[in-house]
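There are 2 protein chains.
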Amino acid sequence: MNKTGSFLSKTEILNAAEQTLRKYGPDKASVTDVAKLLGVSHGTLYRHFPSKAALREAVTERWLEEMIVAPLTEIAAIPTTNALRQLRDYIAKLVELKQHHAAQDSEMFKMYAAVTEESAALVEVHILKLLDHIALLIARGIEQGFISGEIPAAVQARSVLYGTARYHHPAHAYEWRSPGVREEFTRLWALLERGLSVH
Amino acid sequence: MNKTGSFLSKTEILNAAEQTLRKYGPDKASVTDVAKLLGVSHGTLYRHFPSKAALREAVTERWLEEMIVAPLTEIAAIPTTNALRQLRDYIAKLVELKQHHAAQDSEMFKMYAAVTEESAALVEVHILKLLDHIALLIARGIEQGFISGEIPAAVQARSVLYGTARYHHPAHAYEWRSPGVREEFTRLWALLERGLSVH
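First to last, the protein sequences are chains A and B. Residue numbering for the first sequence follows the numbering used here, beginning at 170 and increasing consecutively. Residue numbering for the second sequence follows the numbering used here, beginning at 170 and increasing consecutively.
Do not rely on the hints blindly, as some may be mistaken.
Calculated from the model, a selection of chain A residues having no Cβ within reach of chain B, i.e. all distances over 10 Å [unchecked claim]:
{"id": "1", "residue": "Leu-177"}
{"id": "2", "residue": "Arg-216"}
{"id": "3", "residue": "Ser-275"}
{"id": "4", "residue": "Ala-322"}
{"id": "5", "residue": "Gly-364"}
For each label pair, taking beta carbons as the anchor points, the in silico distance ranges come out as [unchecked claim]:
{"id": "6", "chain 1": "A", "residue 1": "Ser-199", "chain 2": "B", "residue 2": "Ile-296", "range": "38 to 44 Å"}
{"id": "7", "chain 1": "B", "residue 1": "Lys-279", "chain 2": "A", "residue 2": "Gln-313", "range": "42 to 48 Å"}
{"id": "8", "chain 1": "B", "residue 1": "Gln-273", "chain 2": "A", "residue 2": "Ala-222", "range": "38 to 44 Å"}
{"id": "9", "chain 1": "A", "residue 1": "Ala-272", "chain 2": "B", "residue 2": "Gly-318", "range": "32 to 38 Å"}
{"id": "10", "chain 1": "B", "residue 1": "Arg-231", "chain 2": "A", "residue 2": "His-211", "range": "49 to 55 Å"}
{"id": "11", "chain 1": "B", "residue 1": "Gly-194", "chain 2": "A", "residue 2": "Ser-275", "range": "37 to 43 Å"}
Because the hints were derived from the structure by calculation, they are not lab data. Glycine is no exception: its CB is placed at the ideal position from the N, C-alpha and C atoms.
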């Protein structure tokens with residue numbers, strides 16, 4: 170390609186980084202490999218990725234944003250008359266997306282799982298986005314009279330996200346192949362929904 | 170020591186195995202090291218532990234039994250007039266025990282976490298013991314009129330155990346040092362308790 174650093178867009182760099190990580194694997198891929206693929210100097214690229222960890226994090230961040238956050242943002246934005254049902258659909262979609270990518274794009278998923286353990290900051294930002302969506306849906310459900318307002322929506326949002334962790338947290342991916350896992354989630358959701366509901 | 174295999178008790182063997190695993194670490198400890206410590210032949214010990222994996226599993230099994238299952242069995246056996254409160258105490262104790270050992274006996278805990286991912290059979294037996302306790306408490310709570318009987322106790326037991334996984338499943342140990350984790354569990358429990366209760 171042979172470009173100067175100033176003409177590189179963030180998308181071009183991330184595309185090359187993702188391609189490199191997929192080709193060599195997260196352990197072997199280096200910043201130098203990405204620079205080579207882009208036809209720029211090592212020094213130019215170091216301004217964008219000062220370390221291999223930064224490379225992995227940037228690619229993971231984009232992957233999470235496109236594959237997980239974007240479709241969930243759409244669900245949260247739909248105007249509905251029953252936000253409790255919408256919350257169920259939202260969490261079910263979160264579970265489905267994570268389990269789908271763990272099975273179908275296991276290389277990227279493994280990198281994401283590793284980054285989850287290493288980069289608290291990146292994961293915190295991701296989690297805060299989901300918590301915002303969930304709190305919004307809970308607040309809407311309280312307004313509509315479906316969800317009990319005894320506990321603040323932001324507090325209940327954490328309980329809902331953390332209470333379903335077994336079905337979407339990457340540390341549990343090895344348990345998702347078990348045959349009963351879908352039924353289990355449905356049962357747990359029924360319990361949580363009963364806990365959230367106005368009685 | 171120099172003993173013949175027939176005089177070795179299971180306790181002696183497990184003590185030697187645990188001591189060896191603690192001394193050399195789970196990756197480096199070998200069946201030969203345990204045989205040396207006991208003063209028996211490699212062949213004698215192989216009748217008890219056909220592989221290093223079997224060694225790690227046997228020690229983990231005893232550790233789980235003594236450190237986790239035994240104190241929980243005591244809590245489940247107490248005759249109380251409010252089994253829903255007893256269930257809360259049971260889950261809180263499970264959380265406390267796991268988090269305590271993760272912090273205070275991190276070597277054994279790490280081995281247990283690794284075995285959890287590798288040996289489905291051992292973990293299943295362990296989980297079934299906890300589920301039996303939890304189902305018993307839920308059934309008692311239904312009888313006493315505290316817990317709703319709409320859903321079978323054995324089904325709710327799974328939801329209660331899996332819904333609190335973030336606070337006792339070893340895959341989450343790296344998150345337990347976060348300062349809000351105790352408060353988070355209390356909040357989640359309030360939601361689950363509301364879901365379980367008779368309204």
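The hints, checked one at a time:
1. Leu-177: Holds, since 35 Å exceeds 10 Å.
2. Arg-216: holds (31 Å)
3. Ser-275: holds (16 Å)
4. Ala-322: Given that every Cβ of chain B is farther than 10 Å from that of A/Ala-322, nearest at about 12 Å, it holds.
5. Gly-364: violated (3 Å)
6. A/Ser-199 / B/Ile-296: 38 to 44 Å: Holds, at about 42 Å.
7. B/Lys-279 / A/Gln-313: 42 to 48 Å: holds (47 Å)
8. B/Gln-273 / A/Ala-222: 38 to 44 Å: violated (30 Å)
9. A/Ala-272 / B/Gly-318: 32 to 38 Å: At 37 Å between Cβs, range holds.
10. B/Arg-231 / A/His-211: 49 to 55 Å: This hint holds: roughly 53 Å between Cβ atoms.
11. B/Gly-194 / A/Ser-275: 37 to 43 Å: About 29 Å separates the Cβ atoms of B/Gly-194 and A/Ser-275, which means 37 to 43 Å is violated.
Consistency note: the structure conflicts with the earlier hints numbered 5, 8 and 11.
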